[in-house]
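J.: Chain by chain, the residues run as shown.
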Amino acid sequence: MAEKTFIKDFTKIPKDVKASQKINRVSLTYSQGVIRTLKQNKAAMISLGFILFIVLVAIFGPIFLPNYQKTDLLHTLEAPGRQHWFGTDDLGRDVLTRLVRGTRTSLIIGFVAETINLVIGTIYGGIAGYLGGKADILMMRVIDVIVSIPQMIIMILLLTVFSGSVGTLLFALCLTGWTGLARLVRGQVLALRENEYAMAAQVLGASKWKVLRTHLLPNTIGPILVNYTMSIPGAIGAEAYLSYLGLGISIPEASWGNLLQLGSNQFPGSLWLFFTPAIVFALTMLAFNLFGDGLRDALDPQMRR
Amino acid sequence: MKKLWKRALALAVSSTLLSAALTGCTTTAATETGSSAEKTEQAAAETTAQTAAETTEQAATETAAGTSNSVLNVAISSDPSSFDPAISLGGDLMYIFGVTEESLTRFGDDQKIVDGLADTIEHNEDYTQWTFHLRESGWSNGDPVTADDWVYGITRLLDGSTEVAYPDFNYEIKNARAIFTGEADPSELGVTAIDEKTVQFDLEYPVPYFEKLLTHCQHFGINRSFVESIGGDANYGTSAETTLSNGPYYVDSWETDNIVVLKKNPYYWNKDNIAIEQINVYVIPDESTQVNMFLNGELDIVDFSAQRLATIEKAGFEVSSYNNGRSAYLLYNVANEYLSNKYIRQAISTAIDRESLVAGVLKNGSTVADGFVPVSLSGADSTFRDLVGSTLTYTYNVDEAKKLLQKGLDELGISASDVHFTIMAKNTDEFTAVAGALQQILQENLGIKVEIETLDSTSLSTKRKSYDYDAYLASWGADFDDATNFLGSYEHDADANPALYISEEFNKVYKAAVYTADQTERIKGLGEAEKILLEDQAITPLYYTAQYYAVSDRVKGVIRRAVVPYLDTYFAVIEE
Amino acid sequence: MKKYILQRIIIAIVTVFVVITLTFFLMHMIPGTPFSTGNDNITPEALAALEANYGLDKPLVEQYLIYLKNILHGNFGTSISFPNQSVTDIIKKAFPVSLDLGLRALVFAVFTGILLGVGAALKHNKGLDRFSSVIAIIGISVPSFVLGTLMQCLFGLWISSWIKETFHTSFQLFPISRWESFRYTILPTFTLGMGSIATITRLMRSSMLDVIGQDYIKTAKSKGISNAAVTWKHEVRNALMPVVTVVGRMVGSICTGSFVIESLFAIPGLGKYYVNSVSARDYTLTMGLTIFYSIFVVASTLVVDIIYCVIDPRVRLSGSRR
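Residue numbers (this note's numbering), protein chains in the order written: chain A, 1 to 305; chain B, 1 to 576; chain C, 1 to 322.
These are calculated hints, taken from the structure and not from any lab test. It is possible that part of the hints are untrue.
[Stated by the list, open to error] Just so you have them, the derived chain B footprint on chain A, three or more residues with Cβ under 8 Å:
hint	stretch
1	74 to 80
2	239 to 252
3	255 to 262
4	265 to 272
All C-beta atoms in this analysis are idealised placements derived from N, C-alpha and C, irrespective of residue type, glycine included.
Generate the whole structure from the sequences, applying the supplied hints.
T.: If you want it as structure tokens, here you go:
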């Protein structure tokens, strides 16, 4: 009886070869996967949003608030109010206007310096890694020497000799800043060079340059991107540090560094001078770091689900 | 439990390893630079000793019964760099000199002169010969104070044996200038030791205010035998050991850029009336740090600018402002290609809105300058300014300023956008802010480009002495209570003329005034000279400064004056 | 291993040489000499004597060689703004203070960083992990001078005055500045250590997480070794290795990081002199201290590298792989 019922309840389904071979999970390319994982990371997305906001402020803000050098000696050190949302500084300049202008200066320093480093580092590291052998050893020794030079000291020295303009700052930041990326790229290239697909491409007659361009570099882009994101706050921070020593961008120009310096100098007195740039600065540093973290996690296939 | 200990130990070992590694590398570095381990140890021992001393001091302060065993904490903003009165003229050092050195006369508890190391003072009728009878008092090494100290102290400033900042401060003394320029022998100087305790000054011209002049450090006595014992003039004042004091305190120790400890001079004549045993003078460049230290009870006296007023008042301290007898002005280097033009200088003066500067930037009771000599300086019966009135004609008027500028530009054949120069200023909050304001004002009202360079006082004085600046936002304080102190520097062309300014007319009028014995006529004459100086705009007066300060509750009797020393703790007591 | 150490030493020497050369020629790009520009007070003879004293009258290459020789003899020249003191004197006096501060900050940072990192890894995604990320975030995103100012006001002023008012004592929590007794060192050490804590915590955490996932840890656990023993003996010990390298590199950054801290807290260390010399345009002192700092940083990194090489066989075997 029981057996009968059992058979009755189940029906046989004919074997469907097509259906069994169907992949239910949506097929994703590498970059689609990265973006999907990144989107799931709330902290990284909020950070990205903040970075975009800050970049927009840097680009368009000074157009709406152009008078960042305008002093008003009769309204100095005024607390935030309707007239001046973030108050005024010791010469009656509007803090909001200066902050917006400073955002532009500091972001320019951060992005431009790291972009230059990126270009130099990628080229240098790519060449060293690809050439290998004695050329590689020699090029890496040069990097060893540059890395051993304490970066901050050399920047201070450079800015003591040359005046603190955006150009000098960029030069100082790029003089030693590219080595990290160069090492990274070289390491990646070296590892990838041993891979079969590079070798296959070469065997099939692709030129060395073509292998480098179409196979090797694209695979190193991930770590490079992470490194790039993570070093921008470093460059911005260096400017702030140098400004504190009186070597960065000097007043009446505006940068986060000299705003922070003015703020901490006035500290327990005029709190708005301190906290407005400090909060914006800290949030930006944080955003770049969190976004960098998220990007790294997203790029790492092992971390991805 | 045992296991836990093991684990802790493992962790401790691994971290010790780290520190061992680091200590290892530091030793390497030390040997590489040639400093032996022994010396490092010595330094460490010194630090420990000092810390111990500090602790006992603190304990002493806390348990002090009454006021006799007490320590006063004050701050200066830059290192003294030398205790030799010949070369050290920084405002910061004046406080230290005020308590470590005593001249023949000194200040009482106001701006009046009282007897110093001399207890009897005589002068002839036309004020050209002065005789001083010295008290029984001693140098901090026990040597008695003698008349020869002044013969030596002033001779060494003039005979080229040492570097001198302002030799002209002694030019009223007979033959002083001739000796300095090498035309007379040092033995012909008008300072004579009549006997061990009597010193006589012969002067070039009548100086009715000679007693006032003597309070300044360029008239201090120096102990000849001590200088010889340390190997000559070049070593004097370079360390605590090579400095000798005849005032109520002596320099007990001096750590460069850190602290100067002053202790009571046991041989000083009035030592029983000096209440405070020890003064710690900290070198703290940053005003905000000074204010924070004061609020935290680490300093007893603090000077501050207007933006910190609210903070200090909120903390419950009584805040005062005093007229510090300083005059702030723009000093031009007339060798500069743009600033050599008189009309451009006049245009700058006319473009500056001094009212806004005082009311908006300074906000500390400073007043608009209507001349060079500040309001606080004495004239004949009243003050100098009461007698002379305003001498500045180039006051704020933007249209006038533009006209004057155009005149200057036409003369040079350039346009306003070509004009650019740097204003050098001291890196204090006050001067940084004022320089920033000037930069803005000149850019807005005249369309000329101005850069700012802020420096600490040491490099500032180096640059000033070598005329390595375009314009200098300077502030001159009264070294002694007479207008010649302000105007004298512009008279001659050789020594310390800060602006390289030469005007025959000014020289003539000034000299005529100086040789006048009648005080009212003399002051009026000096007023005429000031007018010429400001017509030429060799300097552009900006404001007469006032200064906020606060004193901790435990200290009483601190004196602030419009003349050096601005801060005087001679009469101060500590009430616990 | 010998080859590796020798190679590191050669690189260190070359680096120091490059820094000296760079410093020398950069400093000589400044127009004029400290004494020249239109000084009417100095007679030509006196000027010549001064310049001869500083070797400024000789051709540049010769000056360079003289300078090189002097440095090899530990002679960094005389400071312009402190005419009574040679740069070497200043280094001898001020460096021990900086070193003291640096070591305190480093020890503080290493201990706290490792503990926080281990804690964060063990309590992955729980309270302690969050707490340590907050610390790391502060350390990374707040510059040291901002943090220092905040510390001074928070602990030196506000909390102190609150205690004074509430308990009517003259008790002082922390002094605002200067370098006297232990109490004076707490705030600067904390401020200086903060940046490094962040780095060490993050590194320790990821390194721990990495080690925890390794097979040998699973093996150890499956053998029945207690959790605590696995944690301290296997996980922490293995996870420490990358941290040690970073700590070695940190010596340099802690040294330069202390520049600002020293001026902020008025600590009479080398950093305060360095900052002062920069703002005072005291070129000889700047030059001397730059070279001294570089030698120090290069030497300390070298020593750490060598020690690391001795401890960790993997470096020894793979030679120059780093």
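J.: Next, verify each hint and record whether it holds.
T.: Going down the list of hints, with the structure as the test:
1. 74 to 80: This one holds; 4 residues, not fewer than the three required, reach chain B with a Cβ under 8 Å.
2. 239 to 252: holds (count 4)
3. 255 to 262: violated (count 0)
4. 265 to 272: Satisfied; 6 residues make the cut.
The structure does not agree with numbered hint 3 stated previously, though it agrees with all others.
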